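Novice: Chains as they are written, first to last, in the working numbering: chain A, 108 to 384; chain B, 2 to 531.
In case anyone wonders, no lab produced these hints; they're calculated from the structure. Keep in mind that a hint or two might mislead.
Lysine-lysine pairs mimicking DSS-like chemistry, simulated, CA-CA at most 27 Å apart [stated by the list, open to error]: (1) B:K89 with B:K477; (2) B:K369 with A:K241; (3) B:K369 with A:K182; (4) B:K411 with A:K241.
Please read these numbers as outputs of a predicted model, since none were measured by experiment.
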Amino acid sequence: MREFWSRFSRNRQAVLGLVILGLVVFVASIANLIYPNDPFLYSRFPLSGPGENGFLLGSDSIGRDVAAGIAHGAKTSLLIGLIATLAAVFIGLVFGAFAGYYGGLVDDILMRVTEVFQTIPSFIFAILLVAIMKPSIESVVIAITVVSWPAVARLVRGEFLSLKNREFVQACHTLGMGDFRIMLAEILPNCLSPIIVIGSLMVATAILVESGLAFLGLGDPNVMSWGFIISDGRSMLRVAWWICTFPGIAILITVLAINLVGEGLNDALNPRLRERS
Amino acid sequence: MKVNTLVKFALATAVITFSGAVAHAQQAGGSLVFLVQPEPPTMAGYVSTSGPIGLLGPKIYDGLFDYDNDGQMVPVLAESVDVSGDGKTVTFNLRKGVTWHDGEAFTSADVQFTIMDVLKKVHPRGPNSFKEVVSIDTPDAHTAVFNLENPAPYMLRALSSYESPMVPKHHLEGQDIKSAKLANNPIGTGPFKFIEWKKGQYIRLDKNENYWKEGRPYLDRIVGRFVPDASTRAAAMEKGEVLYAAYNAVSNVEAVRLNKEKDNISVTTDGYSMINPMALIEFNTKEGPFTDAAVRRAISTAIDRQYMIDTIFFGYGKPATSALSSNFAATGLHAKMPNYPATGDIAAANKILDDAGYKKDGDGVRMKAMFDLIPYGEDWKRGGQYIQQVLGEIGIKVELRYEDVPTWLKRIYHNYDFEMNLNYFYQLSDPVLGVHRHYGSNMIRKGTHFVNSSRYSNPDLDALLSSGMTEPNAEKRAAVYLDIQNILANDMPVVNLFELEFLTVYNTKFKGAYGSAMGAYASFSDAYID
């Protein structure tokens, strides 16, 4: 663990990313304490600039506090990112593991299915899915999951393909271990690091896709999110710049932070890769 | 720079002084470029009431009458109208010497054909407006006598060139009216002639030199431009590329900004009283949480209508005070009713619900409901979010649902699978034309859009509605509608929120186009460029 940290911390940017991400998580976790009111609560002061009428980052068209929206939106964005990624990684693991381990017909069938999903442009596919189901937090998570698992499946399949013929796996076979046990206990731990890296990057993508969907009006109208604030303020950009700007910055630095952390993880988990470069 | 500004200021002052001295110096010539949003499907205003057709059609076609901003009738193709004592014979005296753009004379036969064979058959609202017309006699070329089954006072409110354009019999007779060539090559009697339609770009109309009105029109040309992108439309207005934009072609927020920042750009809400849009909430009165009128009254009492107007529509709108729009006051059909507070009263609303026996649970929730929002853009979404908060304060926890247009229409008007629905309706120029469809038992028409989706059915109200339809005496008619408004203010199958005010954004050098109640749907024969 200490060795991992020392390798991770060698990448300064990764540490910076981790600090920012920690900050975002902190804000999300205390959102209910600092802004106990519903973030949708309207007020008598619409379109107040930052600092006016007690709004730290201004208020939107019906007088909702942009700062409160960003704090509560952080919770939504992170949660959607995490849940969608976990679900996508799980599905991708199952598909990739079976395809890579068994090969042959199983591989063919599973990979053709994966390709069907991969050939559709992911964001447009997500829009389609949310439009078919009604826009809600569940349908957004499902849409993001559906469009992001194929990448994991391809990666896991590749790892399983290369690991399944290694000596230690063959040794397991001769010891009479079952297929599932070999896949779960032997191969999986050895391909965990690239999965962690791709997973961390997928959280960032998921946050972006969620914001994009909300921006297009396909977010859950009952849940505050960053994309929702931006979509609401978009038409007033020339009158009230702050509505779009602050949540935009929040998305930018969060996604950047997650990408930096992902890169740091990559460096720390694949030390040889780094030494080579 | 500074000198330049000074010179401009001096010039402007001079112009103002000068134009003051020679008031009404309308000058002939010039062309008007204005925004038409979106591009119209055809130019057949006698087949479709689609908005963009209305922006151009009435420049080409005339109606029998126009209406001024006070709702008074202004003679156009008819010089006068006489209604018989029993209200069943309506005689129009037509203008003499009017010709179609192709040179043929306009006669009473055209009127007869337009009403009986076109509007009564293929127009969306014509069958309703001219329902009572049994036949039309044409004793001479300039007299048209309408024989009615029952008196139909509302018919005289539906004679504008937008609602009922007069079309040339010799171009439509014997053809399938919906597919006749006239749709894309309109020939009317109006102040402007159709010249060219560049698909995706513009429609061009030129001055009709033989227009019946002496010295009109002033303009040489009208060009309706199609600009699909909202911010490009605002920019075109800002730069003076277009001089006129109606029906929120430039959004409220941009309109307010341009009005403030630009000296030569103004906004007006005139010209929409015949359209008469009303924002409202429809309730499912047959099942779900809103079957009790007390709950609907509580919701109407809680909502701060003025707040919604001020914040969401930037001050453009009037709080509703009855089931009927205050624009009907011109014909005596509007009265201020209780249960429509302008600023909302949470305490009173809570009391109504307490008295009706709806108890709050530990979380302060009395009941839960699903709230559908009209999918026509973010203003409506914001309105829904505001109402959600207010209803939370009186213990009604609602969840918002925002779907695409076909799904929403199907849910509300085909399946009745809703509890409450934010919407707006055109009340039009008479309650018979725009309001009856919302409340009558005969208007519970599964699958027909924008009718009685609440499935509210009240025999007393039905009787009043049918007598309101045929009562020729204005005073007696007003009394009937007073009873109707009283019933609806108590039962509230629909809670009216506010009278929407659409915005027309215009360049101040474009003048003379603001005197008709039809607004952008008027002929522009008096319009000129200063």
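Novice: None of the hints should be skipped; say for each whether it holds.
Specialist: Structure-based check of each hint:
1. B:K89 with B:K477: At roughly 17 Å apart (the allowed maximum being 27 Å), B:K477 and B:K89 satisfy the hint.
2. B:K369 with A:K241: 19 Å, holds
3. B:K369 with A:K182: Roughly 25 Å between the alpha carbons, so the hint for B:K369 and A:K182 holds.
4. B:K411 with A:K241: OK: B:K411 and A:K241 at ~14 Å, within 27 Å.
Violated hints are absent here; each numbered hint is respected by the structure.
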